[in-house]
Amino acid sequence: MKKVLTTPVTYEQIKDLKIGDTVYLTGMLATCRDSGHKRVVKEKVMPENFEFKDGAIIHAGPIVGKDENGKQYMVSIGPTTSRRMEAAEADFIEQTGIRVIIGKGGMLEKTTEACKKFGAIHCAYPGGCAVVAAQEVEELQGVEWMDLGMPEALWIMKVKEFGPLVVSIDTEGNNLFENNTKIFKERFDKLV
Amino acid sequence: MDESLRQQFVRTVQDFTAMTGIYLPDDVEKRLRELRQSESIENAKTMYDCMIEDLSLAKQLHRPLCQDTGVLQYFVEVGTEFPYLADIESVLVEAARKATLETPLRPNVVEPLGEHNTGDNTGYGAPYIEYDLVPGGSDLRLRMYMAGGGCSLPGRSKVLMPLEGVEGIKKFVYQTILDWGVNACPPLCVGIGLGTCAATSAMLSKKALLRPIGTRSQYPEVAKLEDEIQAGLDSLGIAPLGFGGSHTVLNVNIEAAAHHPATLGVGITTGCWATRRGEIIIHKDLTSEIISHKKALEV
Numbered sequence: 183m184k185k186v187l188t189t190p191v192t193y194e195q196i197k198d199l200k201i202g203d204t205v206y207l208t209g210m211l212a213t214c215r216d217s218g219h220k221r222v223v224k225e226k227v228m229p230e231n232f233e234f235k236d237g238a239i240i241h242a243g244p245i246v247g248k249d250e251n252g253k254q255y256m257v258s259i260g261p262t263t264s265r266r267m268e269a270a271e272a273d274f275i276e277q278t279g280i281r282v283i284i285g286k287g288g289m290l291e292k293t294t295e296a297c298k299k300f301g302a303i304h305c306a307y308p309g310g311c312a313v314v315a316a317q318e319v320e321e322l323q324g325v326e327w328m329d330l331g332m333p334e335a336l337w338i339m340k341v342k343e344f345g346p347l348v349v350s351i352d353t354e355g356n357n358l359f360e361n362n363t364k365i366f367k368e369r370f371d372k373l374v
Numbered sequence: 004m005d006e007s008l009r010q011q012f013v014r015t016v017q018d019f020t021a022m023t024g025i026y027l028p029d030d031v032e033k034r035l036r037e038l039r040q041s042e043s044i045e046n047a048k049t050m051y052d053c054m055i056e057d058l059s060l061a062k063q064l065h066r067p068l069c070q071d072t073g074v075l076q077y078f079v080e081v082g083t084e085f086p087y088l089a090d091i092e093s094v095l096v097e098a099a100r101k102a103t104l105e106t107p108l109r110p111n112v113v114e115p116l117g118e119h120n121t122g123d124n125t126g127y128g129a130p131y132i133e134y135d136l137v138p139g140g141s142d143l144r145l146r147m148y149m150a151g152g153g154c155s156l157p158g159r160s161k162v163l164m165p166l167e168g169v170e171g172i173k174k175f176v177y178q179t180i181l182d183w184g185v186n187a188c189p190p191l192c193v194g195i196g197l198g199t200c201a202a203t204s205a206m207l208s209k210k211a212l213l214r215p216i217g218t219r220s221q222y223p224e225v226a227k228l229e230d231e232i233q234a235g236l237d238s239l240g241i242a243p244l245g246f247g248g249s250h251t252v253l254n255v256n257i258e259a260a261a262h263h264p265a266t267l268g269v270g271i272t273t274g275c276w277a278t279r280r281g282e283i284i285i286h287k288d289l290t291s292e293i294i295s296h297k298k299a300l301e302v
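Chains as they are written, first to last, in the numbering used here: chain A, 183 to 374; chain B, 4 to 302.
Hints were generated in silico from the structure; no laboratory data involved.
Note that the structure is predicted; figures quoted are calculated from it, not measured.
There could be a bad hint or two in this list.
To be verified - Below 27 Å or equal to it, Euclidean Cα-Cα: the simulated DSS-like pairs (lysine-lysine) are:
1) B:K101 to A:K253
2) B:K62 to B:K48
3) B:K62 to A:K340
4) B:K298 to A:K185
5) B:K48 to A:K200
6) A:K340 to A:K184
7) A:K367 to B:K48
8) A:K364 to B:K173
9) A:K367 to B:K174
10) A:K342 to B:K48
11) A:K342 to A:K200
12) B:K297 to B:K101
13) A:K364 to B:K174
14) B:K298 to B:K287
15) B:K161 to A:K372
16) A:K200 to A:K298
17) A:K248 to B:K62
18) A:K372 to B:K174
19) B:K173 to A:K367
20) A:K372 to B:K173
21) A:K299 to A:K364
22) B:K227 to A:K372
23) A:K367 to B:K161
24) B:K101 to A:K248
Turn these sequences into a full structure, and let the hints guide you.
Encoded structure:
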């Protein structure tokens with residue numbers, strides 16, 4: 183059976199999840215990537231119509247289109263490299279109380295520590311599967327920070343069973359991609 | 004050039020550009036499905052299935068299969084007898100703009116060292132256009148590539164000492180993919196260029212990436228190295244998407260040039276599992292033929 187997290191996401195909902203587990207998300211989700219993190223962490227600006235606390239963000243820059251009635255809709259949305267946000271993510275978690283961070287690939291030590299300390303998880307969505315993800319967006323509810331351009335703006339979505347999301351950092355400080363990297367490195371050492 | 008002919012030319016390139024964002028080229032999709040079939044690890048199969056579902060949905064809904072439709076890059080090989088040589092550049096720029104706004108593709112292009120997005124994927128040097136002249140020919144062979152962010156990050160070029168030899172080339176490639184492969188959406192297409200300096204090696208690596216999967220270098224020693232590096236990278240088992248499985252790459256191509264004896268330049272360019280490149284031949288009467296997506300376009 184599908185394990186589904188529903189926003190607002192409580193610590194109870196995620197505390198027993200382990201790296202490698204597959205989950206799905208239902209509820210509210212906002213995109214937030216490089217410039218968005220800078221805005222929150224450095225400039226201390228919060229969005230007006232989205233609650234980060236106990237919420238979920240995705241590192242992503244979507245393609246948004248307009249239908250025949252002029253209403254915006256999600257055309258294509260896949261995750262972007264989470265590691266780019268490493269420098270800001272620990273502060274982001276502490277300042278906002280975000281609970282679920284979705285992105286591509288893994289993140290590093292500072293984020294892992296912050297996930298453990300503040301009770302958050304990082305999940306990896308399969309990179310590039312952007313039409314699958316767009317189909318899991320029920321409604322595009324709004325956008326903020328359009329001055330940053332389409333990829334960097336904060337797009338607010340209502341999603342249903344958004345996933346598969348593979349837990350890559352859990353609340354106990356385990357890190358799936360760091361573990362995998364060690365395995366890849368051992369194979370590399372045998373090769374050269 | 005007559006305006007109605009010009010609009011026909013723009014339309015052809017615009018449609019070709021949109022197609023490249025929506026469908027994978029035949030060789031890439033075929034190879035991706037082969038990797039899925041040969042994969043034995045359960046989690047890895049789930050990831051491949053998600054990719055293959057994405058390809059189907061993109062076709063069905065006529066949408067870019069990945070949201071990062073990249074920076075648009077055109078590689079023009081044009082016969083000197085093609086009648087509209089002077090119009091090619093403005094046609095490609097207009098086609099890129101229209102494809103971006105009407106498909107839609109993601110407007111990625113930002114101004115140099117700024118965060119200002121131009122909104123339509125055009126700007127100084129964007130779309131990127133490279134020309135090769137074909138003496139006496141009358142066709143335009145147009146290839147395009149969507150250079151995504153994640154899959155462009157591993158790219159690098161370095162000049163080795165000749166004595167580092169084949170082992171030095173391998174180590175440089177393996178190290179690069181080990182360090183950067185996970186986030187570039189593997190299984191990857193890896194293009195390697197061997198030349199004299201950093202610049203020509205990098206350019207050759209791009210040419211290698213543009214070459215279809217399943218082709219091999221005309222030089223037997225280079226073709227052997229293609230196989231060896233492919234096997235070496237696969238033994239790292241990074242794909243799919245860094246979760247780990249039986250492969251790392253879709254393929255490895257090498258373009259090698261005769262070079263200076265005192266240098267061994269190595270360039271690396273990578274494409275993701277959704278390597279989007281296209282090839283079309285446009286004749287002098289502006290009729291055209293898609294080369295790269297024959298199977299993808301069958302209904």
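Now for the hints, and whether the structure bears them out:
| no. | hint | result |
| --- | --- | --- |
| 1 | B:K101 to A:K253 | 20 Å, holds |
| 2 | B:K62 to B:K48 | 21 Å, holds |
| 3 | B:K62 to A:K340 | 24 Å, holds |
| 4 | B:K298 to A:K185 | 38 Å, violated |
| 5 | B:K48 to A:K200 | 20 Å, holds |
| 6 | A:K340 to A:K184 | 19 Å, holds |
| 7 | A:K367 to B:K48 | 23 Å, holds |
| 8 | A:K364 to B:K173 | 20 Å, holds |
| 9 | A:K367 to B:K174 | 13 Å, holds |
| 10 | A:K342 to B:K48 | 23 Å, holds |
| 11 | A:K342 to A:K200 | 22 Å, holds |
| 12 | B:K297 to B:K101 | 24 Å, holds |
| 13 | A:K364 to B:K174 | 18 Å, holds |
| 14 | B:K298 to B:K287 | 25 Å, holds |
| 15 | B:K161 to A:K372 | 23 Å, holds |
| 16 | A:K200 to A:K298 | 12 Å, holds |
| 17 | A:K248 to B:K62 | 19 Å, holds |
| 18 | A:K372 to B:K174 | 12 Å, holds |
| 19 | B:K173 to A:K367 | 15 Å, holds |
| 20 | A:K372 to B:K173 | 13 Å, holds |
| 21 | A:K299 to A:K364 | 24 Å, holds |
| 22 | B:K227 to A:K372 | 21 Å, holds |
| 23 | A:K367 to B:K161 | 22 Å, holds |
| 24 | B:K101 to A:K248 | 15 Å, holds |
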